[in-house]
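S.K.: Chain by chain, the residues:
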Amino acid sequence: MRHVISLLIENESGALSRVSGLFSARGYNIESLTVAPTEDLSMSRMTIVTTGSDDIIEQITKQLNKLVEVVKVVDISEAAHIERELMLVKVRATGKDREEIKRTADIFRAHIIDVTDASYVVELTGNQGKLDAFIGAIDPALILETVRSGVCGIGRGDRVLKV
Amino acid sequence: MVLSGAEIVIRCLQEEKVEYVFGYPGGAVLFLYDALFQQDKVRHVLVRHEQAAVHAADGFARSTEKVGVALVTSGPGATNAVTGIATAYCDSIPMVIISGQVPTAAIGQDAFQEVDTVGITRPCVKHNFLVKDVRDIALTMKKAFYLARTGRPGPVLVDIPKDVTMQRCEFEYPKEISMRSYNPVVKGHSGQIKKAVQLLLEAKRPMIYTGGGVVLANAAEQITRLTRLLGYPITNTLMGLGGYPFGDRQYLGMPGMHGTFEANMAMHYSDVLLAVGARFDDRVIGNPAHFAEEPRKIIHIDIDPSSISKRVKVDVPIVGDVREVLEEMIRQLEAGEARPNPDALATWWKQVEEWRSRRCMAYKNSDEIIKPQFVIQKLWEVTGGEAIVTSDVGQHQMWAAQYYGFDKPRRWLNSGGLGTMGVGLPYAMGAKLANPDMPVACVTGEASIQMNIQELSTCRQFRLPIKICNLNNRYLGMVRQWQELFHGGRYSESYMDSLPDFAKLAESYGHVGIRIDRPADVEGALREAFTTYKNELVFLDFQIDATENVYPMVQGGKGLTEMILSAEDL
Ligand SMILES: Cc1cc2nc3c(=O)[nH]c(=O)nc-3n(C[C@H](O)[C@H](O)[C@H](O)COP(=O)(O)OP(=O)(O)OC[C@H]3O[C@@H](n4cnc5c(N)ncnc54)[C@H](O)[C@@H]3O)c2cc1C
Ligand SMILES: Cc1ncc(C[n+]2csc(CCOP(=O)(O)OP(=O)(O)O)c2C)c(N)n1
Ligand SMILES: [Mg+2]
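Order-wise, the sequence lines are chains R and W.
Residue numbering for the first sequence follows our numbering, starting at 1 and increasing by one per position.
Residue numbering for the second sequence follows our numbering, starting at 1001 and increasing by one per position.
Bear in mind the hints are in silico, worked out from the structure with no lab data behind them.
Do not rely on the hints blindly, as some may be mistaken.
What the hints assert, rightly or not - In silico DSS-like cross-links for lysine-lysine, where the CA-CA straight-line distance does not exceed 30 Å:
| hint | chain 1 | residue 1 | chain 2 | residue 2 |
| --- | --- | --- | --- | --- |
| 1 | W | Lys1066 | R | Lys66 |
| 2 | W | Lys1142 | R | Lys62 |
| 3 | R | Lys66 | W | Lys1187 |
| 4 | R | Lys72 | W | Lys1143 |
| 5 | W | Lys1364 | R | Lys72 |
| 6 | R | Lys162 | W | Lys1408 |
| 7 | R | Lys62 | W | Lys1364 |
| 8 | R | Lys72 | W | Lys1194 |
| 9 | W | Lys1041 | W | Lys1194 |
| 10 | R | Lys66 | W | Lys1364 |
| 11 | W | Lys1364 | W | Lys1408 |
| 12 | W | Lys1066 | R | Lys162 |
| 13 | R | Lys72 | W | Lys1132 |
Unchecked claim - What follows is a set of in silico ranges between Cβ atoms, one per label pair, in the way DEER data are often shown:
| hint | chain 1 | residue 1 | chain 2 | residue 2 | range |
| --- | --- | --- | --- | --- | --- |
| 14 | R | Ile82 | W | Gly1336 | 20 to 30 Å |
| 15 | W | Ala1338 | R | Asn65 | 34 to 44 Å |
| 16 | R | Glu78 | W | Pro1288 | 21 to 31 Å |
| 17 | W | Gly1191 | R | Asp54 | 47 to 57 Å |
| 18 | W | Gly1191 | R | Arg159 | 22 to 32 Å |
| 19 | R | Ser24 | W | Gln1039 | 19 to 29 Å |
| 20 | W | Arg1168 | R | Ser24 | 39 to 49 Å |
| 21 | W | Glu1337 | R | Ser20 | 46 to 56 Å |
| 22 | R | Ser17 | W | Asp1110 | 41 to 51 Å |
| 23 | W | Arg1331 | R | Glu78 | 32 to 42 Å |
| 24 | W | Gln1039 | R | Glu39 | 30 to 40 Å |
| 25 | R | Val163 | W | Gly1191 | 19 to 29 Å |
Stated by the list, open to error - What the simulated footprint calls covered on chain W by chain R, stretch by stretch (three residues with Cβ under 8 Å from a Cβ of chain R suffice, anywhere in the stretch; the number is not a length):
| hint | segment |
| --- | --- |
| 26 | 1175-1184 |
| 27 | 1299-1311 |
The beta carbon of each residue, even a glycine, is placed where N, CA and C say it ideally should be.
Work out the full structure, taking the sequences as your base and the hints as a guide.
M.R.: Here it is as C-alpha cells:
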C-alpha cells in the first residue's frame, strides 16, 4: 500500500542523510522524498511517499520517530489529505505540434513558462495522477526533459502537523 | 572562564564525573591530549588499538551503570573504532566516543587522515555530531551524555575538528537539557499495565522472558519480585543473564539457539508470554513462522517502540522503562486480591519439570581430555560464582553462558548482537578498572583472543590482574561445528594453525602463563590463578577437546521445539 509520511525534522546538516540512510539500510522503498525549511527556519518539513505492508509502515514510522532529530511524524495518508507535485516538461514544439501542445496544456490548466522557436517549457501542478495523465497525453517523441518535484502533502481541515 | 576547545571537552568530562577515558592519540587530537595531561581528575588508559579502546569503555559501561568514554584520532583512529561502536550499538550500551577531525577548512579536501567519520558511523550510533564551532562544544557534550544514557541507551559520537579544539571561548556547562525532538517515554501506560496484569493472572501456561533491557534498566530486583509473586517460570536471554538468579527453582536457563530444552519448550507452549526488555531476536525464537504456529498472548515491555511488534506481533504493548513498569505491575498485583490459578499453575509446572528432567545440560566428562564445560563449572566453583565474566565469541561464549551460573546482573559481559570476536580482553580491562575489588575472568578461544591480544601490554601497564581462560581447541570452534553439522565435515579454513605458545607469550608481556593439558589440573590451576597470583594477570591456556560441540542447538530456520539435544540426536 502507498503511504504519504510527513515529518518535521531539525534543520541540521546531515539530517536528510539520516532519513535516507534509514530507508536504504532497512530496505524500505522511497518513491519520492521532498524537503525544505518551514516558516520556522530551525525546522524542515519532509514528505516521503513509500509503499509497504501495514507492518512495514508501522516500523517505518517508529524508526523515523526514533531518529533523534525528528520532531514529529504523521502518516497523512491515513485520513483526508491533499497531495501536490510540481512538474516541468520541456517539449519539442514546432509546426502543428505547437498548437496541439498549447491546447493540451490548457486542458490540464498547465502554464507554458518558456518559449523558443523549437520548444516549450510546460509547468504543471497537481496530484501524481494528473501529472502522469499529462505525460500520457503528449507524444513521447516530443518530450525532451521532465522534472518532477516529488509529492508534497498536507492534511485537510483541522489536521495540523506542528510542534 | 575562557578556555580552549580542548580544555572545554575535558572539563565537560569532569562535569560528567568521567573517571576513565580509553584512547589513543594522534595529530587531530593533540590539543585534547595536551588538555588531558594538564589535569588529574579524568584518567586516561592508553590501549594498543582503538578497537580495544571502544570495547574497554563499553566493558566499563556494561559492568557499571555509567557511560563509557573513548577518545580516538581522525582517519584510521576513527575507522579502527567503528567495530567497537557497532558492537555497543547492537547491545544498546551507553557510550560517548570523541573523535578528532581534520581542521574545518580542510574538511572535504581529502586532507591527510580525513574520513567522513559522522557518515561512516551514522548507521551504528544512537546519534552523532560534528562540532563546527567552539561555542557549541559544551552543549553538544551535554547532549551526547544525555542521549547515551537515557531512553534506549547507545553510543553517541562527537567529531571535533582540530581547529575547534584550539579556539577559545567562555565555558559554562549547561545544567539542564531538553530537546524538543527527543522525549523517551519512561512511565508505562497504566491502562495497558492493568490489561497486562489481568492477562497474566488469567494465564494457564505463563512464561516470563527477559533480556538485556532488565540489566540496562537496573531492574533485576523488580523482575525477581514480580516473578516470585506470580510463581511463574522465567528465562533470561544471553544479554539478560543474571537478571534473575540462576540457582532459583523458577529459573529455566537461557532460551534460544543454545538455550535449554525447558526454556524453549515453555516459551513455545506458553499461553501468555511476558517479554521484558527483550527483542525477540532470531537466535531466541528461531523460525518466527514456526513460533507463531502456537497461539499465545504476548505482553511486551520495552522503552523502544520499534522493538515492539517488529518480528513478532504483540497483544499488549507497553512502552516504558522496565523498572518503572514492573514496579507499577507489582503495585497493582499487591493491591488487588486476584492471584494466579493454583491448579492450572501446578499442572503447568508439572509439565515444565518433566521437560527439565531431560537434563539437557548434562555432558560426558572425561579423565583424559579437558571438557570445556568442566572448565567453566570449575571456574564457577573457584570464584564462588562471584566473578565478573567476560567472553569472546564462539563455542566458549556459549559454554560460559550455559555453565557459569549468573546470580546477579552486570556480571556477564559479551557481544550478543554483533557477535564481535575480540571483545573479551578489552571488556575485562574496562570491568576491572570499574570494579577493582572484584575478580574478573575472560573466557576466550585461541582465535578470538588473537583479535585483541596486543592489549596484554595495556594490562601490564595498568596492572590489571585479569584471569584469561583460553578454551584452546585449535579451531574456530563455532565455525567448525557448523561445518561438521551442515557442510559435510569439510573444515574449510577453520583450523587455527601456527598458534603461539600462549603461556610464553603472556610471560613475555610480564604476566603469568600456565598451560593445562589434563582434567586433573584444571581446578588447581584456577585456584592458583585466583589466589597465589591474585594480583597478576594469569593466562590459563586450557587444551580442550577439539571435537566438543555446543548443545542443545536449534538450527537456523528451525523452530524452538525442533532442538538437537546432543550428538546422539543427530
Ligand atoms: C554465537 C552466538 C550465539 C547466540 N545464541 C543465543 C542464544 O542461544 N540465546 C540467546 O538468548 N541469545 C543468543 N545470542 C545473542 C543474540 O544474538 C542477541 O544478542 C540476544 O538474544 C538479544 O538479547 P535481548 O533480546 O535480551 O535484547 P538486547 O539486545 O539486550 O536488547 C534490549 C532490549 O531492551 C530494551 N531496553 C533497553 N533499556 C531499556 C529500559 N530501560 N527499559 C525498557 N526496555 C529497555 C531495548 O530497547 C531492547 O529492545 C547469541 C549470540 C552469539 C554471538
Ligand atoms: C570479528 C569476527 N570475525 C568472524 C566471526 C565469525 N566467527 C564466529 S565464532 C568464530 C570462531 C571463534 O573461534 P574461537 O575464538 O577459537 O572460539 P571457539 O568457537 O573455538 O570456542 C568465528 C570465526 C566473528 N564472530 N567475529
Ligand atoms: Mg577455538
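S.K.: Now, for every hint given, state plainly whether the structure supports it.
M.R.: Cross-check of the supplied hints:
Annotation: proposed proximity of lysine 1066 of chain W to lysine 66 of chain R holds, straight-line Cα distance about 23 Å (limit 30 Å). Taken as a hint, the lysine 1142 of chain W and lysine 62 of chain R pair is honoured in the structure, with Cα atoms around 25 Å apart against an allowance of 30 Å. About 17 Å separates the Cα atoms of lysine 66 of chain R and lysine 1187 of chain W, which keeps this hinted pair within 30 Å; it holds. Between lysine 72 of chain R and lysine 1143 of chain W the alpha-carbon distance is near 19 Å, which keeps this suggested pair within the 30 Å criterion.
For the proposed pair lysine 1364 of chain W and lysine 72 of chain R, the alpha carbon gap of about 58 Å is over 30 Å, so the pair is violated. Among the hinted pairs, lysine 162 of chain R with lysine 1408 of chain W is inconsistent with the structure: their alpha-carbon atoms are about 46 Å apart, more than 30 Å. For the hint pairing lysine 62 of chain R with lysine 1364 of chain W, the CA-to-CA distance comes to about 48 Å; that exceeds 30 Å, so the pair is violated. Among the hinted pairs, lysine 72 of chain R with lysine 1194 of chain W is consistent with the structure: their alpha-carbon atoms are about 28 Å apart, no more than 30 Å.
Distance restraint check for lysine 1041 of chain W and lysine 1194 of chain W: the Cα-Cα separation of roughly 48 Å exceeds the 30 Å cut-off, and the hinted pair is therefore not satisfied. For the given pair, lysine 66 of chain R sits about 48 Å from lysine 1364 of chain W by alpha-carbon distance, which is inconsistent with the 30 Å threshold. With a C-alpha separation of about 28 Å, the suggested pairing of lysine 1364 of chain W with lysine 1408 of chain W holds against the 30 Å cut-off. Taken as a hint, the lysine 1066 of chain W and lysine 162 of chain R pair is broken in the structure, with Cα atoms around 36 Å apart against an allowance of 30 Å.
Of the supplied pair hints, the one linking lysine 72 of chain R and lysine 1132 of chain W holds, its CA atoms being roughly 26 Å apart against a limit of 30 Å. Our hint of 20 to 30 Å for isoleucine 82 of chain R and glycine 1336 of chain W is violated, since their Cβ atoms are close to 50 Å apart. For the hinted restraint 34 to 44 Å between alanine 1338 of chain W and asparagine 65 of chain R, the CB-CB distance of approximately 36 Å keeps it satisfied. Take glutamate 78 of chain R and proline 1288 of chain W: their Cβ atoms lie about 27 Å apart, and the range 21 to 31 Å holds.
Evaluation of the 47 to 57 Å hint for glycine 1191 of chain W and aspartate 54 of chain R yields a failure: the beta carbon distance comes to about 23 Å. In this structure, glycine 1191 of chain W and arginine 159 of chain R meet the distance hint of 22 to 32 Å, their C-beta atoms being roughly 25 Å apart. With their beta carbons about 43 Å apart, serine 24 of chain R and glutamine 1039 of chain W fall outside the hinted range of 19 to 29 Å. At about 41 Å, the beta-carbon gap between arginine 1168 of chain W and serine 24 of chain R stays in the expected band of 39 to 49 Å.
Taking 46 to 56 Å as the suggested C-beta distance range, the pair glutamate 1337 of chain W and serine 20 of chain R conforms, at roughly 55 Å. In this structure the supplied range 41 to 51 Å is violated for serine 17 of chain R paired with aspartate 1110 of chain W, their Cβ-Cβ distance being about 19 Å. For the pair arginine 1331 of chain W and glutamate 78 of chain R, the beta carbons lie near 36 Å from each other, so the given range of 32 to 42 Å is met. The given range of 30 to 40 Å is broken by glutamine 1039 of chain W and glutamate 39 of chain R, whose C-beta atoms sit roughly 46 Å from each other.
As the Cβ distance of valine 163 of chain R to glycine 1191 of chain W is approximately 26 Å, the hint placing it in 19 to 29 Å holds. Remark: the segment 1175-1184 of chain W is confirmed as covered by chain R, as 4 of its residues place a Cβ nearer than 8 Å to a Cβ of that chain, reaching the required three. Given a C-beta distance limit of less than 8 Å, the hint that chain R covers the segment 1299-1311 of chain W holds, as 5 residues qualify and 3 suffice.
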